[in-house]
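Starting from the known structure of chain A, arrange chain B on it as the hints suggest.
Going down the list, the sequences are from chains A and B.
Residue numbers for the first sequence follow numbering that gives the first Met the number 0, beginning at 0 and rising by one.
Residue numbers for the second sequence follow numbering that gives the first Met the number 0, beginning at 0 and rising by one.
Possibly wrong hints are sitting among the right ones.
[Said to hold, decoys possible] A short list of chain B residues far from chain A (calculated; beta carbon distances all over 10 Å):
#, residue
1, Pro-28
2, Pro-35
3, Asn-76
4, Gln-114
5, Gln-150
6, Asp-189
7, Ser-192
8, Asp-204
9, Ala-236
10, Asp-248
[As the list claims (entries may be wrong)] Below, computed lysine-lysine pairings styled on DSS-like, alpha-carbon distance capped at 30 Å:
#, chain 1, residue 1, chain 2, residue 2
11, A, Lys-289, B, Lys-48
12, B, Lys-329, A, Lys-329
13, A, Lys-324, B, Lys-48
14, B, Lys-324, B, Lys-48
15, B, Lys-290, A, Lys-234
16, B, Lys-290, B, Lys-223
17, B, Lys-223, A, Lys-48
18, B, Lys-304, A, Lys-149
Hints in this document: simulated from the structure, not taken from any laboratory.
Being a predicted model, the structure only gives us computed values, none of them experimental.
Ideal placement from N, C-alpha and C gives every residue a C-beta, glycine not left out.
Number of protein chains: 2
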Amino acid sequence: MPIRKTVAAITLLCAGLAVSSAGAQTSEPITPVRPPQKLNVGMVELGKKLYFDPRLSKSGFISCNSCHNLSMGGTDNLPTSIGDHWHQGPINAPTVLNSSLNLAQFWDGRAADLQAQAGGPIANPGEMGFSHTLAVDMLRSIPAYVREFKQVFGSDKLAIDQVTAAIAEFEKTLVTPNSRFDQWLLGKQDALSGEEVAGYKLFKDSGCVGCHNGEAVGGNSFQKLGVVAPFPGDKQAAGRAAVTGKDADRFNFKVPTLRNVELTYPYFHDGSANTLSEAVETMGRIQLGKKFTGSENAQIVAFLKTLTGDQPAFTVPTLPPSSDKTPRPKPF
Amino acid sequence: MPIRKTVAAITLLCAGLAVSSAGAQTSEPITPVRPPQKLNVGMVELGKKLYFDPRLSKSGFISCNSCHNLSMGGTDNLPTSIGDHWHQGPINAPTVLNSSLNLAQFWDGRAADLQAQAGGPIANPGEMGFSHTLAVDMLRSIPAYVREFKQVFGSDKLAIDQVTAAIAEFEKTLVTPNSRFDQWLLGKQDALSGEEVAGYKLFKDSGCVGCHNGEAVGGNSFQKLGVVAPFPGDKQAAGRAAVTGKDADRFNFKVPTLRNVELTYPYFHDGSANTLSEAVETMGRIQLGKKFTGSENAQIVAFLKTLTGDQPAFTVPTLPPSSDKTPRPKPF
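One chain only, chain A, in its complex shape (with noise of 0.2 Å):
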């Protein structure tokens, strides 16, 4: 995405131009997460009221928030979700924080962007259950909806493109900004410990940033799990392999961010990591051929604990009664 890097490489420029005066770190692989921009504030507001809609379920009780809760570091903290009829999921949900910043969406990277990754559980047999149908269905029998929608789009027109559209818009407003390792880069000296600032450095110095980098630390490139060694964990996805149909993309997973990674356990794309020390020891080993002691593990955890940004902060949303025209959830 060569428009992309060229705004990032501006801005770090700037960045660094306009703090470098104040001792701001101006030359990291890692950059400080940016607020969300040109944001369409009608859209956010609508987009929100369907993130936290389980009406947009078969069974009327999942809601993106479900398994990407906001309050829980917008992830479910299972090794695999829950869906309708209490499906086990096949795959560990990633966080919705800062997703906006990912190269595409999902560990294979199968959708473009949020817009196309939203309609995917929606209508997923073992996540949300239900249709797109039934879905915009569902909301045009609501009038406080309806209306919402024509003011948001100017158009009568409700479907599911516009569904989507306005639950991407409120994800990019799910960015993290303001941890504090974001205040080191910008210049805070004492924003960090003597410790974190050590496990920064083993971070960089061991390679880990090689692909956690950039302003998500990761996602922004797909890696084959287990380079050195076998991943220790499930070997039956497909990972990257699922979209381009090619052998060699087999096991390739879209690399993490590490932003808030604090809140986001357990890790890996089948969850069986439940410790940001055990997910350490494993990339470590795995990934780059190292063997961390436990002094090293421990400031590696350390730094990666100041990823944590200032968490979404908004008023919940109350959601517009259904109609008695609306059909009824089907939950059992």
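Positioned in the frame of chain A, the structure of chain B alone reads:
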């Protein structure tokens, strides 16, 4: 509860004195919802987190807010609720909104107050499926929770009584003042349309206020369902008899609040009425022996929709992350 009634009477008297010159309705059987008072703010904030924390369930997926969703009138808008492993609950989830005004909790009043209620679903195998011991063990493993309990309760003790006390304190904030009907009661004559006022008059003259009265428009007595004609839905629930053991109390239920009733569909203990119109028709017929005309039914429904008050408006809580020692949920 004589003390409560005395307080209510004094409040009503004072309200009458204060606003009578402004044209307030001073002798109505329904009284305005009062904003909450004398709350422990620290305990409210802790209780809010607990209310939204799915780690209080065995699966790590179900929180208080799952079935008493504060985006949806404090209910799940399902006939009966979904519990652990998609268990189908036996009874409709009552709204948590204004539940502090109820004479007791649950449809059969088996919990004396909100604190007694809050422990029930956590340990119910068909709801959150956990145990009080495991819930407390989970909380004790999370340093931020341990600190917050200590700050709020001034003690290192962290047991189920503190957990339920905090949840109950938060729930006391969930009253919904400022409905259009309350504005009208307090003197704003143009807050209601002629149709709505006619609906209220019919609601009174038909005898609905015999049970649906007071601050919550219900919630203050147990009554037999099916006085004049049999209830058309589920007839298996024991009702109040499950608590008293008296056959005379069979199919007696706590009269539900009608505050926010537009939002709390479907109606009755079995959730068998999908619309307000249907619920009004049934109640008139089986409780009062009345057959409302179409326009009478519409007037009463119009009145009922004026009982929607200010919905809870607070920032989505951020939950403290589990520690490495926190026992992980068992979703499957």
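* Compare the distance between the alpha carbons of A:Lys-289 and B:Lys-48 with 30 Å, and conclude whether the hinted pair is satisfied. => Not satisfied, since the Cα-Cα distance of roughly 40 Å exceeds 30 Å.
* Asked: Taking the closest pair, is the beta carbon of B:Gln-150 still more than 10 Å from chain A?
  -> holds (20 Å)
* To do: Run the C-beta distances from B:Gln-114 to all of chain A and say if the shortest one exceeds 10 Å.
  => holds (23 Å)
* Non-interface label on B:Ala-236, tested against every C-beta of chain A at 10 Å -> holds (17 Å)
* Regarding the pair B:Lys-290 and A:Lys-234, is the alpha-carbon distance no greater than 30 Å? -> Given that 30 Å is the threshold and the Cα spacing comes to 66 Å, the pair is violated.
* Status of the stated non-contact between B:Ser-192 and chain A (beta carbon gap over 10 Å) -> The claim stands: B:Ser-192 keeps its Cβ more than 10 Å from every Cβ of chain A (closest is about 17 Å).
* Asked: Taking 10 Å as the cut and beta carbons as the points, is B:Asp-189 off the interface with chain A?
  -> Nearest chain A Cβ is 22 Å from B:Asp-189, so the label holds.
* With a cut-off of 30 Å on the C-alpha distance, tell me whether B:Lys-223 and A:Lys-48 pass. => violated (38 Å)
* Asked: Under the criterion that the straight-line Cα-Cα distance not exceed 30 Å, is the pair B:Lys-304, A:Lys-149 satisfied?
  -> holds (24 Å)
* Asked: Keeping to a limit of 30 Å between CA atoms, is the pair of B:Lys-329 and A:Lys-329 held or broken?
  -> holds (25 Å)
* **Assertion that B:Asp-248 lies farther than 10 Å from chain A (Cβ)** => Given that every Cβ of chain A is farther than 10 Å from that of B:Asp-248, nearest at about 29 Å, it holds.
* Does the structure keep A:Lys-324 and B:Lys-48 at a Cα separation of 30 Å or less? -> Between A:Lys-324 and B:Lys-48 the Cα gap is close to 35 Å, so the pair fails against 30 Å, i.e. violated.
Of the numbered hints stated above, those contradicted by the structure are hints 3, 11, 13, 15 and 17, listed in ascending order.
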